[in-house]
Amino acid sequence: MTTATPLLELENVHKWYGQRHVLRGIDLRLHQGEVVCVIGPSGSGKSTLLRCINQLEKADAGTISLGGVDVMHEKRRGKLFERSGKDVAAFRQRIGMVFQHFNLFGHMSAVENVMFGPRQVNGVDKVVARARAMELLDMVGLAARASQLPTQLSGGEQQRVAIARCLAMEPEILMFDEATSALDPELVAEVINVMKELARAGTTMIAVTHEMGFARDAADAIVMMDAGLIIEEGPTAEVLNAPRHARTALFLGHVANRPDNRPDSRPANRPDV
Amino acid sequence: MNTKTTTRTWYVRPEEPLQSDAAAAERGPSRRVHTRVNLTQILIGVVLAAILVVLGWSVLTNKNMGWDIVVKYLFSPLILKGISVTIELTVLSMVIAVVGGAVVALMSQSRNIVARAMGGLYVWFFRGTPLLVQLIFWYNLALLFPRIGLGIPGTDIWMDWDTNQVISGFTAAVLGLSLHEAAYMSEIIRGGINGIPKGQMDAALSIGLRRGAAMRKVILPQTLRIIIPPTANQFISTLKSSSLVAVIGGGDLLTCAQWIYSENFKVIPLLLVATLWFLVMTTAATVAESYLERWFCGNKERAPITLIAPANEEE
Chain A
1 MTTATPLLEL
11 ENVHKWYGQR
21 HVLRGIDLRL
31 HQGEVVCVIG
41 PSGSGKSTLL
51 RCINQLEKAD
61 AGTISLGGVD
71 VMHEKRRGKL
81 FERSGKDVAA
91 FRQRIGMVFQ
101 HFNLFGHMSA
111 VENVMFGPRQ
121 VNGVDKVVAR
131 ARAMELLDMV
141 GLAARASQLP
151 TQLSGGEQQR
161 VAIARCLAME
171 PEILMFDEAT
181 SALDPELVAE
191 VINVMKELAR
201 AGTTMIAVTH
211 EMGFARDAAD
221 AIVMMDAGLI
231 IEEGPTAEVL
241 NAPRHARTAL
251 FLGHVANRPD
261 NRPDSRPANR
271 PDV
Chain B
1001 MNTKTTTRTW
1011 YVRPEEPLQS
1021 DAAAAERGPS
1031 RRVHTRVNLT
1041 QILIGVVLAA
1051 ILVVLGWSVL
1061 TNKNMGWDIV
1071 VKYLFSPLIL
1081 KGISVTIELT
1091 VLSMVIAVVG
1101 GAVVALMSQS
1111 RNIVARAMGG
1121 LYVWFFRGTP
1131 LLVQLIFWYN
1141 LALLFPRIGL
1151 GIPGTDIWMD
1161 WDTNQVISGF
1171 TAAVLGLSLH
1181 EAAYMSEIIR
1191 GGINGIPKGQ
1201 MDAALSIGLR
1211 RGAAMRKVIL
1221 PQTLRIIIPP
1231 TANQFISTLK
1241 SSSLVAVIGG
1251 GDLLTCAQWI
1261 YSENFKVIPL
1271 LLVATLWFLV
1281 MTTAATVAES
1291 YLERWFCGNK
1301 ERAPITLIAP
1311 ANEEE
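So the sequence lines, in the order shown, correspond to chains A and B. Numbering follows the numbering used here, in which position 148 of the first sequence is assigned residue number 148; successive positions increment by one, without gaps. For the numbering used here, count along the second sequence from 1 and bump the result up by 1000.
Be careful, since some hints might not be right.
In silico SDA-like pairs for lysine to any residue, Cα to Cα no more than 20 Å straight-line [claimed, not checked]:
1. B/1266 x B/1282
2. A/86 x B/1217
3. B/1217 x A/74
From chain A, some residues computed to sit far from chain B (all C-beta separations above 10 Å) [stated by the list, open to error]:
4. 9
5. 66
6. 75
7. 106
8. 124
9. 169
10. 220
11. 227
12. 236
13. 240
14. 241
15. 256
Keep in mind the hints are simulated off the structure, nothing from the lab. Cβ atoms here follow ideal geometry from the backbone N, Cα and C, with glycine treated the same way.
If we strip away everything but chain B, and leave its shape as in the complex, we get (with noise of 0.2 Å):
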């Protein structure tokens, strides 16, 4: 049978017990392996090092940047009353564009086509324009329509404003903000639905559930793990870009920072006033998303295991 005459013996690993540490640290010690001195790293290093120094001293030490008056505004009220107002349009648009997003989502993942068309356009057209344009267009909304009116039809209950009274700075931003970033939501939700595996709607369905039912409780539960870390960026992205509406005296941040140079000229200094809180409230923002982060997503376990399963199911 076998024609080859070269005998070769198979290893079998004899059975034995675990090796214990008494074991192992019979052996002896481990050989010691010092690191190796890289000249060139070290070199990169220090000349990189030297730039920093150089362009941070320049800086820093510049008569320009007028540090005392930085100082002297850093609490200032009405620097303070920005922040507020920063965070109050920031907060307050958020909690619209999740709402606002969840609802343009599930519209544009509608099995009906006019809803779907909707929720399609409303995306195009809020994703395809500069916040900076709808924030002055919002602002301008009494040139369109110079009183806004509510009335329920066939009834005499009317009522209506001057729009100019309506749309303040404050509510021109929170408006063109929120309409804004429920566009981005939107796309954060829907790619969180779709990133459930189709199996998990396919379970619900069999055991006799209704299809809106089945989104409610399986699967947007699971949605909510997906989309929490984009939506705390999308969260601290729009802290930033909350400072366009210094345009249309939004009473932010800059712009409280733009009205006090505009009185005594000290552009710089103010805004490097406006510069640290900025950086302030981004650097807890993303201190505060990773704690969120960890918090939802950090247990692993939670997620579907049906993510690992290959989805090539048969058919």
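Just chain A, same shape as in the assembly (with noise of 0.2 Å):
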């Protein structure tokens, strides 16, 4: 593949829970512009592994760095020190997370959750903010809910605003987590369908899911989770068609049955807008 350095890297990154070792080594390289789908059963790392690339839980041990900079430890006078909770914050607003339950926040409306971040962290003018923010909603099919609040939204319009507040802060890579599990199944497609989108258009993208149809369409690679550990991964056909790891093939075979994601009794796509 790419010889460059890659834009994500994770080493050897541990997590415990008090006595629960959720995350056992974790190797991990992601490239510009590549789609990077994690499976996996339910408890095996995959949310946990995503927390702790944005920091929003420490990794215990490993290092993780974003454009070859370590985003967890600084050296001074030869040493190794954590960094302030501006690094921090500045590092997580270059990787924007979409979470499973959206998180939008409640006391805003549409628009002004998708121009809060540039507005509070980027100090961007508010009528600039305001212009650009309209610009996202109607990108992902939502500009004519933009003074709507997260309440008046049905699920899926929810997790596209969520998603149009994560591109405001214009980031680096965009991570997913089960962006779509918390979905009635009729509105999975119109999430799904701005997630290919934004593959389409280059996106840098790590995503968590359970949507196999997705992964096939628009991922480039598969990494396999079990257990807190990646059990296998390599380029989205090999994977799912040919998996090497027994424990892929089983977890494979049981997502594969399940309805939505038969390839014949998909619901179609609606278009947006």
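Grab the two chains, each in its own frame, and use the hints to assemble them into the complex.
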């Protein structure tokens, strides 16, 4: 593959919750423009992995670097120190994250949610921020619903606003943490469509997902996790069609039998506005 | 394939246009159902009403109630002054308590262990001791510190006052009430902060906000809606417990009533005056609270949707 420095690189990342060893030495590389899907059974550490990457959880061991720079530690006088809160915030800003439960700010309308980051973090002018937010909402097909509050939006709409909120910060990497798992089956497609659109536009993405249709269509590579370890990774077609690890084959067998993942019975993609 | 021989037809609702009101009317009027008469319920109602009338009559017609004296003092200047002091005391104490409570709540949520311990200690102490004891304690502060001083370390600037002059009945009352209420307010505010789903903080951090900014801009504004009803309740409770300051001559409504009856010995009528005014004030506060609640919380749409979503995220 590419020989340039990976955009994101994880080396031997460990995470414990008390006695529980949730991540047991994760190595992962993500290059500019790549789309990687992380799959695996629940409890395998997928979400924790994403949360460690933007430091919502602190990895207990290992290094995580963004563009070749260690995001957790800095070297001063030959010694390693934890990064300051300011530095951590700056790194988080470069990595967008879309959550399973959307987590839109409940006291703000859709457009306010999207404007919030640029306004608060980068001090962008209100008029400029609003105009940009409207562009992004238009891109996810929600310009008409800009002034609605989160509770007035459907789950799929909320998630699309959440994606726009991420994009407003112009992140270098977009992470999706089971972005469609909390959605009604009929609303999954509208979010998946936006995700596919972003993948097609060359966005660097890492997505924890059970949507094999998305993985098949958009992912360059699949990473299979089980019990805190990556047990198999490789190009999408290879992993999905000819998994080398028995656990992967078993997992794919279960997932493929879910009705919404059978290619013939997937709900027709509704065109966005 | 099908071993059973029973034949069964499955129902499929034929597609049809939605029924109009006219179509519904065609089916004719619905049957009228009459209400049942429940004798037991009527009997219970009559007995209770009788008890109420007898009790009320004996109380209201009791000569010792002195209704004429009640009427005479209801709007007397001293009583009106007492009412204004009660309101001042309550409002002032609650304002200080809300600010102080927010500080204590943030301290007990802090990552700094000393701040957390201090917050916990404060709540433990001020919730664990009776308000009455605290009020008497503050009133007698002069016995502990005869003079109170303020100065800037390293300079000659130093001012001090006689504690007995600074701590009047009113200041001791404000001090006691607000320190006591601040402990309760901090618990209310802490509950409000904890009531905001964790995902709100995650989302704010993930777009690059610092923890403090996320607290101020995302968490606290949403907390406001949660804490308004309990804060209003606390206000009403303070309105009533402010009468405790009568023991230190706080000058509130009860103090004034006591001053009057200590001269004319009309104890019951003057307590009635105080009672009536307290009822007026708490009723007004309750009505105001329900408006406030409707204004802030009635718009349910503003509540974060994430409150509804199950919080059992993976891992």
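Numbers of unmet hints, in rising order: Going through the list in order, the structure violates hints 1, 3, 7 and 9 and respects the others.
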